[in-house]
Amino acid sequence: MKLILFMLAALAAVEGATAMFEDQAGTYDWYRQHIGLVSSASFHPSKPRVCVATAQSVVGCLNLRDGSLVWRKALGSSTSSPAALLLPKSSSYVTVAEGYLRAFDLEGNLLWQRKVPGSTAVPSLAGLAASDDAQERILLLQDGELQLLDPSDGTVLGTEKVLSALAKPTKIAVGSGSRGFVIALNSGSSEAILVELQDPKLGRLGRKVEIESPLSLSDAVSASANTVAALSHDGKALCVTSVRGAESAVRFTCTQLSELVPELPASESFRVDGTSGGYVLFGNPGAALLAADEEGGLKLVKYFPAAISVSSEIRADNDAFFGVLEDSAAGGGIKLSVVRSSNGDVVQVESFPSPTPSERLVGPAPVFAPSGLVLGTFIRKKDKSMGFRALVSFRNGLTVLLQQGVIVWSRDESLASITDTLFVDLPAKQANGTALEAAGGLKIDFNTRLRYQILGAKVQLKLNSQAEAEEFLLLRGALSDKNTPFRDVNGFRKLLVALTSTGRLAALHNGDGRLLWSRSFSQDAMPTKLLPWRGYHDIQHSPEILLLRETQPGAYAAVLNAHTGEQLWHLPLTFGIAKVVPLHTPMHEGSAVQSVYLLVEQAEAATVEAEPVLRLLPDSLPSRKHVATSERSLHFFMQGHDSRTLAGYRLAAIEHSSGAVPAILSWQVHFADSVLAVAYRNPTEPIQSSVKVLSDRSIKYKYLNPNLLFVATGIANGVPSDSVAAGVDSLSNEVTVHLLDTVTGRILHRQSHLGARGPVTAVLTENAVLYYFRDIDTGRFVATSMELYDASPGRQFNVLDYLFNPNSTQPVSSLKPTPVEVQTQSFFSRLVPTAATVTRTEQGITAKQLLIVTNTDQVYALDRRWVDPRRPKKQKLTQDEMEEGLVPYQDTLPISPLSFATLDRQVLGIRGVNVEPTRLESTCLMFVHGVDLFYTRLAPAKGFDSLEDDFNYALLLAALVGLAGGAVILQYMAKQTSLNQKWKC
Amino acid sequence: HNNNQFAYVIGGFIRAAVCQHCCRLAAIHKMADLKTWRLDFETLIPDRKLQIDPPGYDFSVAKDPVGMLSSSKPRDRNTMARKQQALFAKATAPLKQVGMMCFMAWMFGNSIQIFSIFMTFNLISAPISAIMSSGEVFKRDEEWKQLDVLTPRLLYCLVHGGQLIFGLYKLSAMRLLPSASSDFISTMPVPPLLEHAYPAL
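The listed protein sequences derive, respectively, from chains A and B. Read in order, the letters of the first sequence are residues 1 to 985 in UniProt numbering. Read in order, the letters of the second sequence are residues 1 to 201 in UniProt numbering.
Chain A extracted, bound-state conformation (with noise of 0.2 Å):
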């Protein structure tokens, strides 16, 4: 009992640092919803939902009045696009992503779910749509089997062995005629299978033929009514058979493309879509509408030569229509037409203007491509007549809806793909303050402020209504300061660069996570890391990023002013980069602090064995001087030739030469097991003290050799040992870890877990070791902690020369290694990590943090002394274990659903944490990204060195006056009392 009230009071203690207030709820934070990039999405018939599978591998539907979020489902880690169908009879969303096919209800319910046997890879789905005599199905092909399932429940009606020989993705393809069939090919191959549907009603698959093809076939295939047709291989004919009738092998007819639409410029991509009458073709640009015979012979109906996108064709009103979206030559808008696909009469055209962002753009306008094009039709409330709407997604991220000529909604899913962030000051207000806008909004006077004053002495003796504790909330929001666009003294305000994959850059306000400027590349320039190059220390001087594009062809360096977005220089690489190593010690010029790169080049593939080449970045006699007179000897250390050996390398002179340096390799270790996890310490980690002083006052040296890397290894990932799988000895299967000196390859310490697996989570900060690994007896994570001190025999401290003496930190060297003492404990975890890492604070004084990201895509934050290896096991402690504030020992670690750092707040798929410190030591930021955004502000250690953001002035100011106003009362009633006595006496 008592074990249990200390801990719960040391869980107040510890814990109470990231919990809050609920009126404290967004003042420090901001949460950002999306859904991803979308691939593919479905209107629903007659509900206003429109559903849609992004490459986040996430689904959902959006509510289709404001494209808001109605629900959202992620259907695993991959990146993705799941495959998707809405069947529009039934009202389900049917998926299928990770082995997994599942389906939803419009609300989001899960309908039901049924494993997918077979690889992991992405099954094709098709939806056999209802009709007079035949129900809904979804047939599914995996592995060369095909699977005909009954869409209210998920039972499997059929099953057929379609293309069991060919291991390679099969397509399927479905004939939207009076008879169902299915045909699966395999790309590259010149044979396809046919399936009938011998019974529509029931479902049940039938006959199976073989059709043969002059030309080896693509994976674009499609089906009309009576047709299938398919691009061959190399992109430049377009094969076609009939299958009516097809009681013996047909084979397909191939025509060329320049025979049959002579306008369509040749293109790598063609797509085609079937319809009921032949097929749409669509070469980006350019699409043709064919008519295709019974008998398998095309025709040309109508080209549209500006055509951008295409959709997939739609039956309303026993018509069949497809959009076809157009660059209207006027105002660079867009134009949808809307043709009907039996003779290609073009039945709506609406113009709508393109899409506008609302911060500021720079440099190139953004190009809005799209990627996506589905149309739906809505019944018009005046006259009862049908129109049409269509969503556009486009590559850069932007998904529209457009209807009667407007753009309805736009969502900009961008942000959803961040790959990369940053955190940059902003200007100071006197300098280029005008770079960025100032925050609009409310009109604030002296009014406003002094009726949130009121406000706020209100909530908090607890007087205020409803209403006015939003109004205090919504007035708290306008007259913070947090949103103003300059730099303050704690450091707090913060621009924060993220660059996306669809080759956005965009500069976000931590403040309240809006867009201050934002730039975008073409797909062919699009940068893939984001960098910081150049700070200065005055504030006349903007920062600078360095963003690079690694992949050949069209690498380069470029750097960029932060806080303006305009490109300062371009620099054309004329190699690939493999690795980006930054060197952490900064080149100082005059006031700038310039940061210092090795670019790893890309090797060729014939030299992969070669070693690797190095160039600088800046490459100048400069920073060559820099780097020799900093680094003494320079080491790096990366993949061998496989994935269990690391190698390191040592770096030639780097003074003289000029160009590409090479580097000697020095070390090679090779593992007997795959490599689980690495992690390594941030070489920039501020460390206040390198000793750990005892309750006993005895002094232990901290193990702090930043070229510690941290190896973890065991059975692979994902892969099925035998041994787990008949579940005989579990403890054949062990994770082992290491520590590496990465300058001599030298192994410190090796420890092992039997019975243990993968996946393995790690961190490593200061002298300590988290790291996460699987138990599979008990099927629960378990966390290892490890502490490492020097354990040099005979070390002596002498407090005057440390006092008086400058020498007396001696320089340590890796070549001559002092032995380690590992501390270690284990414990059982409850959350299950997908990633850790740590807080980080200006002078790393205050305690640190572990983050750690859990699978439900929460962020946890661990205290440090919950997972300190010399927690005593025992339950009273002595004095001493108090006053070090050791807890007893436990074999579980404690959750408290206070410390999640990401509050009440599901940050979907997170792919990265960036910590970055503020000026006050006791605060740090924390920016999470997945595809939702997650901005906070983290104290590890509560704000002992500030006072809170909305401290309340003006009862304090009230207080004081109340109390000033009473003595001097007082002092006047005790006179005339004191006066009143003396008379009476």
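Please keep in mind that the hints were generated in silico from the structure rather than gathered at the bench. Only a predicted model underlies this, so the values are computations on that prediction, with no experimental measurement involved.
Just some of the chain B residues that point at chain A, by a computed CB distance under 10 Å: (1) R175; (2) S179; (3) S182; (4) D183; (5) F184; (6) M188; (7) V190; (8) P191; (9) L194; (10) E195; (11) H196; (12) P199; (13) A200; (14) L201.
Far from chain A by the CB rule (all over 10 Å, computed), these chain B residues: (15) G56; (16) K90; (17) I124; (18) R153; (19) Y169.
Note that the Cβ used here is the ideal one computed from N, Cα and C, for glycine as well.
Guided by the hints, dock chain B onto chain A, whose structure is given.
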């Protein structure tokens, strides 16, 4: 004889009455002198220096009663011994108080709380201020030049020094005194490293 006796009594009465009358006359006569010894509200204003001595007060007698008794001023050895004794008593007077303070401090224990911190602060600051102001307490008497002031003063300082030492001991027991080498090492910088290996993973 009875008549005589009666006459004697009567005479006594008369004498007493006469005497009383005379006294009253004398008093009335004296009233005229006391006219100057008068107080009113104006004389009570503190700034105004108006020396009024009570009747019968002789300044010279009041100033030096010994001189009045004996016109010569011999140094009385007895008085000097008593004065010396008084000084020693003064020097050892805080002993009891110091003992009490130390006992209380010991009772508070070595935990760091607001009371024990106040106590310890007092334990240290009081003797320091007492020792600093010991010169005021043991002033050299100009008239008794041979009186020994220094020894009682040292004794006084010793007593307070005892308290100071106890206070420091207390501070050390509370681990607020930087006496171990580990108290100086916590800010020891991280030793620089000669080689750097950078990850390119």
